[in-house]
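Going down the list, the sequences are from chains A, B, C and D. Okay, so the first sequence: first residue is 7 according to this note's numbering, each after it adds one. Okay, so the second sequence: first residue is 7 according to this note's numbering, each after it adds one. Okay, so the third sequence: first residue is 7 according to this note's numbering, each after it adds one. Okay, so the fourth sequence: first residue is 7 according to this note's numbering, each after it adds one.
The set of hints was computed from the structure by calculation and includes no laboratory data. In this text the structure is predicted, and so the values were computed from the model without any measurement. Be aware that one or more of the hints could be misleading.
Note that identical chains are pooled: a pair holds if it fits in a single copy or bridges any two copies.
[Said to hold, decoys possible] With a straight-line Cα cutoff of 30 Å, these simulated DSSO-like cross-link-like pairs (lysine-lysine) come out:
#, residue 1, residue 2
1, K282, K50
2, K296, K324
3, K324, K366
4, K225, K49
5, K50, K158
6, K49, K282
7, K188, K274
8, K9, K49
9, K282, K63
10, K50, K366
11, K366, K8
12, K225, K188
Number of protein chains: 4
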Amino acid sequence: MKKIPVGILGATGMVGQNYIALLAEHPWFEVSYVAASSRSAGKKYGEATAGRWLLPKTYHPSVANLVIEDANDVTRAAAAASHGDLAFVFSALEMNKEDILTLEDNYASAGIPVVSNASANRWTDDVPMLIAEVNPDHADIIPLQQAARGWKKGFIAVKPNCSIQSYMTPVWALLQSGYEIKRMIVTTMQAVSGAGYPGVPSLDVIDNIVPYIGGEEEKSEMEPLKILGSIENGKIKKADAPLISAHCNRVPVTNGHTAAVSVEFGAKKPSTEQVKQIWAAFRALPQELKLPFAPEQAIIVHNEGNRPQPNKDRDIHKGMAVSVGRIRPCPVFDLRFVGLSHNTIRGAAGGGILNAELLKAKGYFT
Amino acid sequence: MKKIPVGILGATGMVGQNYIALLAEHPWFEVSYVAASSRSAGKKYGEATAGRWLLPKTYHPSVANLVIEDANDVTRAAAAASHGDLAFVFSALEMNKEDILTLEDNYASAGIPVVSNASANRWTDDVPMLIAEVNPDHADIIPLQQAARGWKKGFIAVKPNCSIQSYMTPVWALLQSGYEIKRMIVTTMQAVSGAGYPGVPSLDVIDNIVPYIGGEEEKSEMEPLKILGSIENGKIKKADAPLISAHCNRVPVTNGHTAAVSVEFGAKKPSTEQVKQIWAAFRALPQELKLPFAPEQAIIVHNEGNRPQPNKDRDIHKGMAVSVGRIRPCPVFDLRFVGLSHNTIRGAAGGGILNAELLKAKGYFT
Amino acid sequence: MKKIPVGILGATGMVGQNYIALLAEHPWFEVSYVAASSRSAGKKYGEATAGRWLLPKTYHPSVANLVIEDANDVTRAAAAASHGDLAFVFSALEMNKEDILTLEDNYASAGIPVVSNASANRWTDDVPMLIAEVNPDHADIIPLQQAARGWKKGFIAVKPNCSIQSYMTPVWALLQSGYEIKRMIVTTMQAVSGAGYPGVPSLDVIDNIVPYIGGEEEKSEMEPLKILGSIENGKIKKADAPLISAHCNRVPVTNGHTAAVSVEFGAKKPSTEQVKQIWAAFRALPQELKLPFAPEQAIIVHNEGNRPQPNKDRDIHKGMAVSVGRIRPCPVFDLRFVGLSHNTIRGAAGGGILNAELLKAKGYFT
Amino acid sequence: MKKIPVGILGATGMVGQNYIALLAEHPWFEVSYVAASSRSAGKKYGEATAGRWLLPKTYHPSVANLVIEDANDVTRAAAAASHGDLAFVFSALEMNKEDILTLEDNYASAGIPVVSNASANRWTDDVPMLIAEVNPDHADIIPLQQAARGWKKGFIAVKPNCSIQSYMTPVWALLQSGYEIKRMIVTTMQAVSGAGYPGVPSLDVIDNIVPYIGGEEEKSEMEPLKILGSIENGKIKKADAPLISAHCNRVPVTNGHTAAVSVEFGAKKPSTEQVKQIWAAFRALPQELKLPFAPEQAIIVHNEGNRPQPNKDRDIHKGMAVSVGRIRPCPVFDLRFVGLSHNTIRGAAGGGILNAELLKAKGYFT
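Work out the full structure, taking the sequences as your base and the hints as a guide.
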């Protein structure tokens, strides 16, 4: 089978490198187009990243010879698309919000679907913010988005912030099982890779933690409500609950965000044992469709008393599973647990790829 | 002025070393007696700790030549006390609970007051669990304890667990200002020194956190209720509130426990600005008495957005101050903040020394 | 093909766990026998290691149900061997030297070959100390060892200390190319996993390094001479050179030993460019035999100026390759370079497995 | 006594902050003038550094209200000097070399002595590169420098790179005792603070080391030769020996550079015991003059087998002492040892202050 040619916008940055590394042996997609800032444009990808490659895992040899395009020059991408050499792009752009909004719009209006990791379009009300196991049906807004904008093939779909991924799937599994969640207090201990590269200065995390990450608490409190929302009149309407309080901290961990969560249920409250069963049994559309990046088990329940831990559990199912543990009653609310997910895989490039697989399976790349 | 001769039980362990280092230049107390397990007994302190001294700060030269006594042999301490060479002991014993209960009892009944860092007697109902700024009046139970046990000079007083000290003084300051606190959800990020030495294996905290500390959550949820309790019929009666949920985590930090706290007030709720003012203005008995180890300012309010941080703020006022920051509303409860205190100073040996100073000032060492 | 049944002595310890994890999908070997201290004997392996499994990678499901034997009870192993259920054992024993000497001897004399990770037999003069790429011919001493001891099937073969593996293969490649090496000064920066678990206390490596590792410098200076030695009169005679000075340090790294090396050649000195070519072109017997654990490329030459680095390069070729970089002249000697290898894979269990593959290919497991 | 008013060029950067913190209670000097880039000029120091103050230690309250001058505007400094409000400046400039050369020259020619931390003038042949204990006599070149340049009061004096300070004083003590040193091979494990702030990205040092620091090895090999050189014809002539090979590595340590050193002596070789005695007995001019920042003991000999260590020993004598340990024979050369010094105190701002004290004591600030 000929693979689907995909592009990466922001291909030389940290998230872009992750996309390219994770796609090295993808069964459906192959990287055919790389774009970055005008500074890198014109160089071969291998040369542009020599000495600046940040990951242990490397990329497909063919990518080394791709010439980097200027991400601002949409005409190049449009030409590639018209020749059948580019089916869609992953956006890993690192720019200011306004520029990203403009650029993602330009790609989409040029007929190139955009599967984005950037936060710029997360609150655009007809753009779905997808976690493939949680709200795959939000993809249904894509035809409405296209109709409203007058786009034929292009569209924009985004993924949420990495900080919420270690508990959103577990939360969803409980909601789906009929347990209303009214309120949550969440404290995250987040890996430095979440800030990119160079990102967090080492002086800030050797023998230290930083109890603040700019903008992260606001995103953590708001994004779940859109993800749990519903499509009404061509827009995604936010859910009313749960009400969330997020305390976000940076800790000396390379990869893997951990969250300590207290949950208050509605009138119907599951036992600890029921919670474990719900999570262990959880299957969703990506698992049913056997999407290539779908973790075999979306939620891994750890029964050992001191797990999950970032350096032991972040790589389960190639970094795509969410680990939960320390499932126990909360003296103040109802339930407490610890959630963990790999922030640059599940929470960024891997999550984006899974979203693209979902959209492919649903027929949105035509 | 002749200094008061004091003893250290468990003098070679990590907490014992901290006591000895912190007392090196104490204006009131001097270490005259060191006791440890029978294994170390008979050696000079300097020799026993050569190559095993864990701290950057060292001890008073005179301590090097003290011969270590067997901590189980109370008669040696009693003899020293009878000659005026030992006024009281700090207990930094590291044994099982039963043995510590017996031993601290033996010292006290031999006429030697015990100011203890150990957890064994924390729930003995006529033993005060003191934070000098919070419940100095609980020392009033000492005469009742002595009467009930038939002790004349001896008594036992303890300090609480290190994990709660980064928020208990701020909590107390709010209570004292008339704001009832109903519930709290607290997530701690605790330093490895809290587990002593060798303590936490390095493989557990390089590029990792451990979301579990044995027994710590239970202590964190219960001890505040005794500290906030009242003396009734010769016993300390637990307070009813606040109800606390604690999530305790080990992080790669040497010293300094950080807590992310959400607080639910009663009907009367202070504004963020009022909270800051209450904390900045807080003074307590140790400050009034100008006790040597009392921090000039018991609570340090940080207004920078990303503070307090362990490696920048733990040493304020020689490690005895509690730092607070990120004081802001909580979307779920009422107030959020981050607290920080130095766990081996404020939270252990330094806190014990401050308690002893308080008891001295109140006339309990006679 | 039926797999060869192998045993692990010391199966519950850190090195033992590594063996079991690495053998999970081995094409030739399968773990059929696990032995540990009498404390664990009688328990199923899965139960004995529940909550104590130290690795991200897990083991073959069938191992969970193996009942742990007492490693001191050689008769159990002998019985298994006589039934064809045990072909040889990997020794990952953690005991004192005398006990290991006795025990490895007992297994071998009971007809069970011992491929050992322990240091006890490294200086037994008829025991080969193998690095499969460097001195595979030292296996030739096995028949002589068997004859001298009166053993028929059993024998003992060991591997060297992990600290030297990041530079011994590069050193050998230069020697083999005809460049005599007279002297070397080596400074290692070693990962904490080299000390096992619990191993190095976290207080020793957070914001710290320890410039000492007990016994490591002596091993690093002596073992290369045996490895580079020759078989004479049924014994391995030490080589005369190179003379080595080793400075061994512990650094806050989980896995991956790094070495900074200065090399003094004899009269014939290669250029930097020649050194790079020799290393890039190096192939040895494991590569020729295509042994399952042989790295495709035994020595990886890094040309970027700041590599190799532990967290980016230790896992190349599944942790079995040695990385070299910063190849440049030495102002004092002739050549400088940085070597890196994964200490628990290449330097321990993985190296042991490669040795066993080599011995299998040479026909020593009969 | 009225204190001497001093200025800091580059006052808001990391080295500048260190100068200001260390001078907070200096008995001779007080900070009266702060200069930085034009971006900060015009702001009060306290405001400009709010939320950007990098150190646990804070500054003298009076500094908060100093208005930051533009470091490029020498006329402001000249005016202050003419009013007796500025006696000399510490240069902690972080610019490119050419700009620093010009600027330091401008200050000096404006009559303002420059005691510099920057590397720009280290190889200017009439500029002394001082370690106060090693080559205080190199200050004698100052009048020659002034004469050659036509400067009356102004001059430039610099300090060497931080990487060499953990072994240069010990090396000097041996040379001074009559033991010629022919060659040295040195491997450093350097703290991240040496790269300033933000400096080293955390992703590079969590679970990692970087075996490369740009320019550091060259400096480490060359600067000792100037320091050990002699004044001839108005210039400092490099010494011929020792020949040095430096391997410089970045490790996950906040403060404190550690060096593993192998030394080859000339014909006369001291015993290990003699080396220890020489170092323990070493006193130099700063100690004789009792300069405020002179460590009471310039070289601390550690006899414990695993010391010195950064987080235990860097702060001895307020970070101004050099620690040595593991003093033992070298199988390849003659002597091996481990040296440690605090890179931002002894190796940067503290060393600069000690140099200024020396120059003051010698009468160069007139």
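Results for each hint:
Taking the closest pair of Cα atoms, K282 and K50 come within 30 Å of each other only across two copies (25 Å); inside a single copy the shortest separation is 49 Å, beyond that limit. Taking identical chains as interchangeable, the C-alpha atoms of K296 and K324 lie at most 30 Å apart whether they share a chain (15 Å) or sit on different chains (27 Å). Proximity of K324 to K366 under the C-alpha cut-off of 30 Å is restricted to the intra-copy arrangement: shortest distance 21 Å within a copy versus 33 Å between copies. In this homomeric assembly, K225 and K49 never come within 30 Å of each other (Cα to Cα): the closest approach is 36 Å inside a single copy and 34 Å across copies.
Proximity of K50 and K158 under a CA criterion of 30 Å is satisfied in neither setting, with 32 Å inside one chain copy and 57 Å between copies. In the homo-oligomer, the alpha carbons of K49 and K282 lie at most 30 Å apart only across protomers (27 Å), although the nearest pairing inside one protomer, at 51 Å, exceeds that limit. Taking the shortest alpha-carbon separations for K188 and K274, both the intra-copy value of 11 Å and the inter-copy value of 23 Å come in at or below 30 Å. Taking the shortest Cα distances, K9 and K49 sit within 30 Å of each other inside one copy (25 Å), while across copies they are farther apart (50 Å).
Taking CA atoms no more than 30 Å apart as the test, K282 paired with K63 passes between copies only; the shortest distance there is 23 Å, against 34 Å inside one copy. Only within a single protomer do K50 and K366 lie at most 30 Å apart by alpha-carbon distance; the minimum there is 29 Å, versus 46 Å between protomers. With identical chains, the CA atoms of K366 and K8 are at most 30 Å apart within one copy only, with a shortest distance of 14 Å there and 43 Å across copies. Both within a single protomer and between protomers do K225 and K188 lie at most 30 Å apart by alpha-carbon distance, with minima of 18 Å and 28 Å respectively.
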